[in-house]
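Participant: Take a look at the letters that make up each chain.
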Amino acid sequence: MNERTKEFIRNKFREYYQSTSLQLPPRFEQREWGFIFFDESFPDIVMRRHKSFMTAWEAIDYIRTMVPAHAFHSAAYYVSPSAPTMQEKGWQGADLIFDIDADHLPIKWTTYKEMLQRTKEELLKLLGFLREDFAIAEDDIEIVFSGGRGYHIHVRDSRLIGLGSPERREIVDYVKGPDLGQFFEKKTGSEEGANGRRKAYKRFEVKYGEGGWDGRINKSIVDFVDTIRQMPKDKALEVLMSYECFKKRRNAEDFFDMFQDERRIQLIKERGTIDIRRGSAKFWRSLIEESIKRESISMDMPSINIGKGTPDEPVTADVKRLIRLPTSIHGGYGFRVTPLMLEGLEGFNPLNDAIVFGDDLIRVNVTKTSDVEIKDNRYVLKIGKQSLPEHLAIFLMCRGAAEYEP
Amino acid sequence: MDPDLKYAYYPFTSWASDYVKHSGKSIERLLDGIFGRDVINRAKERVTQAIRGDITNAFEDKDIPDIVDIEKELFSYPVARIFVSCIGDHYLIKRYALAEAEAAHVHMKAEEPEFLEKLAGEFNIQCMLDRHDFQIHFADYLRFASRMHDPEWKLVNRRLENGYVPVNKKDFVRLLQEAIRDRIQSSLPLNLSPALKSSFSSHIADISRHFEELKAEFRSDDFGEANSECFPPCIKHMLALIQAGQNLAHSARFALTSFLANIGMGAEDIINIYRVSPDFDEGQTSYQVKHILGSSGKAYTAPNCATMATYGNCFGKEIICDWISHPLSFYRKKMDYDGKGARREENAGASVESTTNE
Ligand code: SF4
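As you go down the protein sequences, you meet chains A and B in turn. One point on numbering: in my numbering, the residue at position 337 of the first sequence is 317, and numbering is uninterrupted. Remember, my numbering sits 15 above the position in the second sequence when you count from 1.
These are computed hints drawn from the structure, not numbers from a lab. Bear in mind that the values here come from a model prediction, so they are computed numbers and not experimental data.
A few chain B residues facing chain A, derived, Cβ under 10 Å:
{"no.": "1", "residue": "155"}
{"no.": "2", "residue": "161"}
{"no.": "3", "residue": "162"}
{"no.": "4", "residue": "170"}
{"no.": "5", "residue": "172"}
{"no.": "6", "residue": "173"}
{"no.": "7", "residue": "174"}
{"no.": "8", "residue": "177"}
{"no.": "9", "residue": "179"}
{"no.": "10", "residue": "181"}
Okay, derived cross-link-like pairs now, DSSO-like style, lysine-lysine, Cα gap no bigger than 27 Å in a straight line:
{"no.": "11", "chain 1": "B", "residue 1": "169", "chain 2": "A", "residue 2": "105"}
{"no.": "12", "chain 1": "B", "residue 1": "184", "chain 2": "B", "residue 2": "109"}
{"no.": "13", "chain 1": "A", "residue 1": "215", "chain 2": "A", "residue 2": "262"}
{"no.": "14", "chain 1": "B", "residue 1": "305", "chain 2": "B", "residue 2": "251"}
{"no.": "15", "chain 1": "A", "residue 1": "365", "chain 2": "A", "residue 2": "93"}
{"no.": "16", "chain 1": "A", "residue 1": "156", "chain 2": "B", "residue 2": "169"}
{"no.": "17", "chain 1": "A", "residue 1": "249", "chain 2": "A", "residue 2": "273"}
{"no.": "18", "chain 1": "A", "residue 1": "105", "chain 2": "A", "residue 2": "273"}
{"no.": "19", "chain 1": "B", "residue 1": "185", "chain 2": "B", "residue 2": "21"}
{"no.": "20", "chain 1": "A", "residue 1": "199", "chain 2": "B", "residue 2": "169"}
{"no.": "21", "chain 1": "B", "residue 1": "169", "chain 2": "B", "residue 2": "133"}
{"no.": "22", "chain 1": "A", "residue 1": "273", "chain 2": "B", "residue 2": "169"}
{"no.": "23", "chain 1": "B", "residue 1": "169", "chain 2": "A", "residue 2": "262"}
{"no.": "24", "chain 1": "B", "residue 1": "251", "chain 2": "B", "residue 2": "313"}
{"no.": "25", "chain 1": "B", "residue 1": "133", "chain 2": "B", "residue 2": "185"}
Distance ranges between label pairs, derived from CB positions:
{"no.": "26", "chain 1": "A", "residue 1": "324", "chain 2": "B", "residue 2": "298", "range": "48 to 56 Å"}
{"no.": "27", "chain 1": "A", "residue 1": "138", "chain 2": "B", "residue 2": "125", "range": "32 to 40 Å"}
{"no.": "28", "chain 1": "A", "residue 1": "117", "chain 2": "B", "residue 2": "183", "range": "26 to 34 Å"}
{"no.": "29", "chain 1": "B", "residue 1": "132", "chain 2": "A", "residue 2": "65", "range": "38 to 46 Å"}
Note that CB positions come from ideal geometry on N, CA and C, so glycine has one too.
Kindly produce the complete structure, drawing on both the sequences and the hints.
Facilitator: If you want it as structure tokens, here you go:
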């Protein structure tokens, strides 16, 4: 990015910051702030951190005059947020932050739009966990479009603020899903056989339960059974045969017939008795595996970095310890870090709703061929000088795909 | 108000300490008289027993303890805390807090659920009694369960619904034990006036002696045939941490155990080294050590320097470190340089040769 481009973007960011009402996080005075500026090294990252603000006016004035390319604040609360070492800072707690970033998810996509759609699916799943399993109140959850490749969730339940890293790791492990093995219990015992004599049995059962993961797994088994029962036989067999464990049509047929037996179904639904015939555990295993995969969230650990550090540890330029300020602009995309409401989430389209810049034509020199979908338009751009709408021009410049060329 | 037996069993609760506060018996006054002498003796016993392992039930051989018995037991707790604070050793504090919490655990197991619910309130644990089981808010559950090693404690292996985790009485009591341990440990050492300290000096000397004995017993310079002077700095550092009463991270435990196993130390000797850890658990440690040593006699190979560094376990590099890439090679080289090659051949040599994977 050349100096002229930097100057142009900085001016545009300034216009935004001076006209918008910036939103500061709760207890902002106890947080550490970090900024990256449009200086010589930009777009290389040199973060200035250990900033703190005593008043809202001071914070807003700083951002309006300095016009950072990126603005962050700590998830953590400190006694002295501007102190240079963790020990001196005095950790007091931290919001629980989830960073649902496409880079941390093992998802595949082909376009930016699709990537954002996939991250939103993960976001919705995670919100489901937070609202249902963890029963976190809506007021304690702030959802934010990160301005880049995903979403952030800030959880500010007072009971969670003091949790340390091991506790937070447990929460992440929970949403990442359980091990398959724990759902299978080997039960041994005896029961009355058809001839009236007791006989010993040994079988697998799925842990039956209503809440949490047990409930999720149980529901998916019951749903599956119900769906198969309602299908015409041919169609049902087709579905069953798609599972690797049914090598022969006969095996799948056996299974299908079994699903017609009311008593069996009752056992499955009420007790999780699925080991109905030899080899059937294999089938259930893949079914459960599938539903864990579908319902769980894959995420990396950065989402739980809480900035506690170990005593004496010099503070490193670890960006992950800080989170983007909602309502600021992401200097790598030119998009607004957008706070979202739970209700409007489904319809939120970042490529429309996170755009703050206008439609005036701007002269730029496109330096990389690009295929961009933005504000309901698709642009296939060739290298060279051209006039483009401001919001697109700024996006390309922030991505390093164009330079300002008045 | 008469003291309840519960005051003696749970002397760390706010009700127990309120009782002590309002009893009008000051610590200074306790120093004279028969009652005071008994209290002090029991307090000393509390600490020395904690050093050795378990604090015994004072009422074991009494059918119905009377008020004096109960008061003695109750008052011995604040005095024991003074003793521990006078010595002030970090490791002693941990050990003492653990023993007190374990003693309370024994009593809690016999309590009615309603009482346990009330006790949980002492520690601001949000919970609900659900017939014989409990529902505990996940944040409180995690405060204590996240430090347990057994996978059954992992949140993902529990049923979490509407923010609450159901736990049975046995688990609930175990969580309370951790809450008690935290409370006692974090409230020590007390800030004591020099005058008070000196008035207890002879008792303190007795306790210190016990404590030093214990430390000497477990001082892990017993490496059998191995030569601890030739250990690499990272391994020495881990041993020093254990000596100082700190718990090692899992990766460090693994590195240390496998290193010691690779140079030929046996399971028992290795377990003894961990014995001095504040939350030493014989069963668990022996399980872990034996796992690393391997049932077939083929131990895991100790991690190399790069892996050590990744986990933050490479500590205090020395010059030799620049020439090697494995802590075991450090040991072997150092043995050679120190002219103890012959000894190496006899003892640890074979296992070093066969286990390094450079
Ligand atoms: S370089 Fe290797 S031997 Fe030396 S301290 Fe680090 S890990 Fe230990």
